[in-house]
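Which chain is which? The protein sequence lines are A and B, in order.
Going by this note's numbering, the first residue of the first sequence is number 1, and it counts up by one from there.
Going by this note's numbering, the first residue of the second sequence is number 1, and it counts up by one from there.
In short, the hints are calculated from the structure, not lab data.
These numbers were taken from a predicted model, which means no experiment stands behind them.
There may be inaccurate statements among the hints.
[To be verified] Below, computed lysine to aspartate or glutamate pairings styled on EDC-like, alpha-carbon distance capped at 20 Å:
1. A/Lys451 / A/Asp467
2. A/Lys211 / A/Glu400
3. B/Lys135 / A/Asp530
4. B/Lys135 / A/Glu527
5. A/Lys492 / A/Asp467
6. A/Lys613 / A/Asp646
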Amino acid sequence: MTEQVQRNSPLAPTAAAENPVIERLLARRHGLNFIPPILAKLARQGQDLLCPREHSRINVGMASCGQAAGATQRLELLAQRSDFAKAVQVHNVGCIGACYAEPLIDVRTTGGRHYLFGKASSINHSAIIRTALKQRVHDSAWLVLQERQPGVLTGFEDLEILRASNRDFAAFFTAQQRHISGHCGLIDPSSLAEYVATGGYFALTKALFEKTPPDIIAEITAAGLRGRGGSGFPTGQKWLLAAESSDPIRMVVANADEGDPGAYMNRTLLESDPHQVLEGLLLAAYAVGAQRAYIFVRHEYQLSIANLRKAITDLYATGLLGDRILGTEFSLEVDIIQSGGAFVCGEETALLQVMQGRRGEPVPRPPYPAEQGLAGHPTVINNVETLANVPWILTRGAEEFRATGSTQSPGTKIFCLTGDLPRPGFIEVALGTRMAAVVEQIGGAAAQSIKALQIGGPSGGLLPYRDAPLDFSTLKQAGAMIGSGGLVVLNKSHCVVDLCKQLTAFMAAESCGQCLFCRDGLALLSEQLDQLSRNRADETLLLNLAELSRTVRDLSRCGLGRSAVNPLLTGLHYFAEEFASHRQGICPAGACHELIRFEIDQAACTDCLVCYKVCPVGAITLLPGRGPARYQFNDERCVRCHSCVDLCPHACIMTKPRKTQQ
Amino acid sequence: MSSITIHVDHRELPATEGESLLAVLVSHAIAVPALCYHPRLPVQGRCGLCLVERQENGRWVLRHACLLNCHPELQIRTDSREIRRARSLAAALLLRRGPFPHAAVTEMLQELAALERAPANEQDRPAKQESAAGKPPQPGCILCGLCVSMCRSISRNKLTFLGRGQNLKVAYVTTMAAEGCGSCQACRRVCPTGHIVVNGATTFKSGLFRTVKTPDCADQ
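The shape of chain B in the complex, shown without the other chains (with noise of 0.2 Å):
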C-alpha cells in the first residue's frame, strides 16, 4: 500500500494504492452522488449514481467510482455530458423503486433525473409511472446492501439478499430458535432511503424459509 497522486479533474490529489476512488473523492469533498457507499462497510457498487469517467487508450469510458481502485496513472473526470445522461437514466431507475421516506433522497433523484432530460422525455413521465405493472417488492428499498452488508459486519448475519431480477429482495432470516434480530438498529443506521424504520425483522417480513405447516402435516 503505497502513496500515489491520481488525476481527478486537473487536479492532483494524494490516494493509497489499492483504494476505492469514491473514497478517495469523498475525502476530497469532490461532489459525486452516491447512496450505497459507506466508508466503514465494503464497496457495493449498487446504486449506478457515483459514475465518473476514466481514460482509457485516449478515450473517456464511463465507470462506477466506487468499484475503480486506485492505481497511478488514473485519470479522472467527475462531470461530463456522458455522466450526466448516465446519472439521470440511473436516478430515472432508482425512482421506479419508490417513493422513499426519506424526502431529501427523491429530491437527489429528481433532480440528478432532470439534469440531462430530453424536453420531450418529461411528458412520457406520467405514461412510464402507469405501465410499471411490476411494482418492486419493496417499495422505498433500493436494494443498496447496506443493511445486509452491515448486519454480516457485525456478525449477526440475520440479512441476506433473496431472489433475482426484478423478484431481488432483502429478507429476513428467520431461524428456529425464538431469538429475534438484536434490534441493534445498526440496519437502520446505514439505510440511505429510510426503508427501514425500526429493525430488520420488522421491515423485511418475507423470511428464508417457510413456516406454515403444509396441509398434509397440518391432518397428522
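Just chain A, same shape as in the assembly (with noise of 0.2 Å):
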C-alpha cells in the first residue's frame, strides 16, 4: 500500500530517521562483548557511506561483467551530473550476479528503498536519474527491494522484494540462496568501511579476542566445510593436518588460478568483495598459526589484483593486518602472487612449484602441502571461496551452516550457470539443490531444449539433463564432479562427440607433459575423436577410445591428468548411441561438419535470395529461372558456417545427414 502511494508521489523526505547504531547491532549479532575503536568508527562510517541519511546512492556494477556491458559509460554520465552534488552520491560496486542483465544500476533512496535496474542504456537513463533525485518514481525499475530495517544492509537477506516489474528477474534471485556472495554487487569492493559495515570483521575479532585457534578448526570441522576449488577436501581436516605440525613456520595460499573455461566465481568474489576472502585468510592463518599469507591469483585478473591491492593497503593501514593484528600476539603479511595462467597450476602442488620458481608441473602427494609445502613448511591451500565461507561459519556457527544443502554437502556453492539459456549469470545456491530449480527457475532454459549439463569444466563430466541434486557425492556416483563450479547448459543443437572432441584437444594442450598418458594419450584421443567426427573411424576405434580414457584416468599423477577423460567416459556412458551413429557417419545434432548438408525445403522457399547473398563461399548458386528450384547447394565448396540456416526467414534451410541411414 505505501508503495502505491510512494509510486505516485514524490518520495516523502525521510532524512529525518536516524539510522540504527550499526556497530552495536554487529556486536550483537556476533556475540561480541568488546568492539575495537577502530572497527567501530569503520563501521560507522561504513554506514553512511551504504545508508546515507539524506542523499540517494546509485551503485554501477562495475565487475569485469558490467564494464564489457558499458557500465563505465554510465558511471561517467552519472557522476558528472551537477545536480546530484548534495542528492545523490555514485559509486561502484562489484556484480550482483544477474550477468544477462548488465550495467546493472540500483539506485537506494532514503528509507532503504532500492530500485534495479538491468540493461542500463540511455533509454531508462532519465528514469534511473528521476529516482535518484526522487522527483518521480519510475515504473521502469526491474525490481523494487526494501531493507527490512531501513539503516541496516548486511547482506542481500536483509532486502526483500516490494515489487518485481521483470518477473524474470525475480526469479534469478528467490532461488538462490545468496550467503557467500552476500554483499557482491551491494558494497564498493574498494571500500573497507562498507564491508565493515556489513558485519566484516568482526568475525575475526571474536576470533582474536574470545576464541582459541583449535576452537575455530573444530567449527569448521563440526560445520563440514568442502574445499570449493574442485575436489571437495574438507577443509577442518587439512587445517588440523597442519596445525599439528611440529614445523614453527605455516603459510596459508589462496588460490585464486581459476582456469576452467566458463567458470568465472573466484573473479567475481574478488572483484565484489575482496575483503570476505581476505578476512577468511586471516582466520585460516589464525587457526592453523602461519605467519605468512599468499593470494596466488591468474595475470589476467587484473581488477581483481587492483582491488586486492587497495584492500590489503588499507588493511595495513588500519591495523587488521600486519604486526600485532588489533593489539594481539597475532600477526600476519600477506602478498599477491600473479601466476602466468596455465590450467595446471591451478593444482595445488604445481601451484607450489610456481610460487617456488619453478616448472609449474605435479609432484606426488603424499606429502601433502598442509604437512610440507612451500619451501618444505606445512602450507594449507584453499581455494578462494572456500575462505569466504569462513566468515560465515563463523558468525553464524556451524549449526547454520549445516542447515543448508545435504548433509554429506552442507552449505551453499557459487555456480556459473552459462551455455544456452536466456539468464546466464554467478548465482549461490545450497548444496544439493535440484538441477532443475537452477537451470529451469533461475537460469529460465525450457526443460525440453536441454540435452545435456556439462559441470565442473573441462574435468568435470557431460550429464543428461535429469532432475537430480547438484552436491558432491551424487555428481561424482554420475561420474561428473562439482569441480570449481561451472555449469554450462548445452541445448539439442550441440553434439556430444564434438564437445568431447573440444574438451579433450583442451586438456591435451594444457596437460604439464609429465606424464606420458596424459600427454600423448590425451592427444591420441583428441585426434581419434577428430576422426570419429570426419567419419574416418574404424570399428576398433570405439573401444580404443575407451580403454586409453580408461588407461589416462588410472595412469596419470595428479588429480587433473586423472579427470582429464571424465567428459569422454561420460559422454561415452550416457550418450553411447551418439558416438554409434557417428560411427555411422551420422551426426543426430547436425553439428559435426564432414557429416551434414544442407538442403533446402521447397515448399517454404519464397525465393528471397537471402542464403544466396549470405554465403560467403559462393556455395550456394542459382540457375536460370525463379522460384525454389533454381537454388543450388554446392557441398564441396560449402564451410558449414551455418549463416544460410541462421538468416533465412523461413526457416526453410535444413540440416540433413551427408549419409542416408541404412
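Assemble the dimeric complex from its two separately framed chains, guided by the hints.
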C-alpha cells in the first residue's frame, strides 16, 4: 500500500529518521562483548556510505561483466551530473550476479528502498536519475527492494522484494541463497568501511579475542565445510593437519588460479568482495598459526588484483594486517602472487612449484602441502570461495551452516551458469539443490530444449539433463564433479562427440606433459575423436577410445590428468548411441561439419535470395529462372558456417545427414 | 630407513623403506621395461612403461613402479593381461615420437606394442601414422627428462623443459655469456633413445630466449 502512495507522489523526505547504531547491532549479532574502536569507527563510516540518511546512493555494477556491457560509460554519465552534488552519491560496486542484465544499476533512496535497473542504457537513464533525485519513481525499475530495517544493510538477506516488474529478474534471485556472495553488488569492493559495516572483520575480532585456534578448527570441522575448488576435501581436516605439525613456520595460500573455461566465481568474488576472502585468509592463518599468507591470482584478473591490492593496503593502514593485529599477539603478512595462467597451475602442488620459481608441474602427494609445502613448511592451500565461507561460518555457527545443503555436502555453492539459456549468471544455491531449480527457475531455460549439462569445467562430466540434486556425492556417482562450479547448459544443437573433442583437445593442450598418458594419450584421444567426427573411424575405435581414456584416468599422476577424460567417459556412457551413430557417419545434432549437408525446403522457400547473398564462399548458386528450384547447393564448396541457416527468414534451410541411414 | 620385505609375484624381496620399487625390481633382475630410469638420478616417471599392479583393497590397480615407494604390506605383481595391455598402449604412444636413432629402442617398443594388440588393430597402424599431422617437435625424443635431470644434478643447469601439451620439448638455456654447454656429454650418456648425438647444445637448438633482434632495434 505504501508502495502505491510513493509511486504516484514524490517520496516524502525521510531524512529525519536516524540510522540504527550499526556497530552495536553487529556486535550483538556476533556475540561480541567488546568492539575495537577502529572497527566501530569504520562501521559507522561504512553505514553512512551504504545507507546515507540525507541523499540517495547509486550503485553501478563495475565488475568485469558490467564493464564489458558498458557500465563505465553509465558511471561516467552519472558521476558528472552537477545536480547530483548534494543529493546523490554515485559508487561503483561489484557484480550482483545477473550477468545477463548488465549494466546493472541499483538506486537506493532514503528510507532504505532499492530500485534495480537492469540493462541500463540511454533508454532508462532518465528514469534512473529521476528515481535518484526522488522526483518521480519510475515503473521501469526491474525490481524494488526494501531494507527490512532501514539503515541496516549487511547482505541480501536484509532486503525483501516489494515489487517485481520484471518477473524473470525476480525469479533469478528468489531461488538463490546468497550467503557467501551476499555482499556482492551491494558494497564498494574498494571500501574497507563498507565491508565492516556489513559485519566484516567482526568474525576475526571475535576469533582473536574470544576463541583459540583449535576452537576455530573445531567449528569449521563441525560445519563440514568442504573445499570449493574441485575435489571437495574437508577444510577442517586440512587445517588440522597443518596446525598439528611440529614445524612452527606455516603458510596459507588462497588459490584464485581459476582456469576452467566458463567459470568465473573466483574472479567475481575478488572483484566484488575482496575483503571477505581476506578475512577468511586471516582466519585460516590464525587457525593454523601461519605467519605468512599468499594470494595466488591469474595475471589476467587485473581488476581482482587491483581490488586486492587496495584492500590489503587499507588493512595494513588500519592495523588489521601486519604486526600485532588489533593489539593481539597474532601477526600476518599477505602478498599477492600473479601466475602466468596455465590450467595445471591451479593444482595445489603445481601451484607451490610455481610459487617457488619452478616449472608448473604437479608433484606426487603425499607428502601433502599441509604437511610439507612451500619451502618445506606446512602450507594450507584453500580456494578463494572456501575461504569466503569461513567468516560466514564463524559468524553464524556450524549449526546454521549445516542447515543449508545436504548432510554430506553442507552449505552453499557458487555456480557460474552459462550456455544456451536466457539468464546466465553468477549464482549461489544450497548444495543439493535440484538441477531443475537451477537451470529452469534461475536460468530460465525450457526443460525440453536442454540436452546435456557440462558440470565442473573441462575436467567435469557431460551429464544428460535430468532432475538430480547438485552435490558432491551425487555428481561423483554420475561420473562428473562439481569442480570449481562451472555449469554449462547445452541444447539440442550441440553434438556430444564434437564437445568431447573440444574438451579433450583443451586438456591435451594444457597438460603439463609429465605423464606420458596425459600428454600423448589425450592427444591421441582428441585425434581419434576428430576422426570420428569426420567419419574416418574404423570399427575398433570406440573400444579403443574407452580403453585408452580409462588408462589415462588410472595412470596420470595428478588430479587434473585423472579427471581430464571425465567428459569423454561420461559422454561414452550416457550418449553411447550418439557415438555409435557417428560411427555410421551420422551426426544426430547436425553439428559435425563433415557429416552434414544443407537442403532447401522447397515448399517453404519464398525465393528471397538471402541465402544466396549471405553465403561467404559462393556455395549457393542460381540456375536460370525463378522459384525455389533454382537454388543449387555446392556441397564441396560449403564451409558449414550456418550463415544461411541462421539468416533464412523462413527457416527453410534444413540440416541433413550427408549419408543416408541404412 | 628400515629394512623391510615386499611381496612381488608371490616372492618376498628385501627392500629399504621409502626406496623406489623399480630400483628394487631392477636390482633383483625382475624384467620391467623402463626407458626413463637411471639408478643415479631422481625418479622421472615419464616413460609410462614400468607398469606393475599393486593390491589396493583387494583389487589390483595399475601403478608406475618407479613412482611407488616401498613400504611393508606392499603387494605387487609384474605380469598380467592388464599390465601387458597398458604397456602396449604406452609403447604405441611412445612410438609416435619416433623414429629413434637406437634401433634397439624401436624394437623393444614394437615388441611391447604387439604384446596384447588385438589383430584388428594391426590394420589401423598405417592409418594412424598418416593422420599424425602434428609431428612431435623433437622426433626421436621421448621426453624422459633424464638429460634435464642429469644436467641439473651436475649443477650445469643448461637444459630445461619448455612448453606444455604437445609442444613440450627439451630446450637449451642460452645465456648472454659466451660460455658453451661444457661438452661433458653427460646428457648424451643417459639419453635412452640416442637422440642426443653430440651434446645438449647442438641437439636442443631452440633456446629459452630469442636472440634475434626485433626490427625496431635493427632500425636504431
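So, against the hints stated earlier in the document, which numbers end up violated here? none
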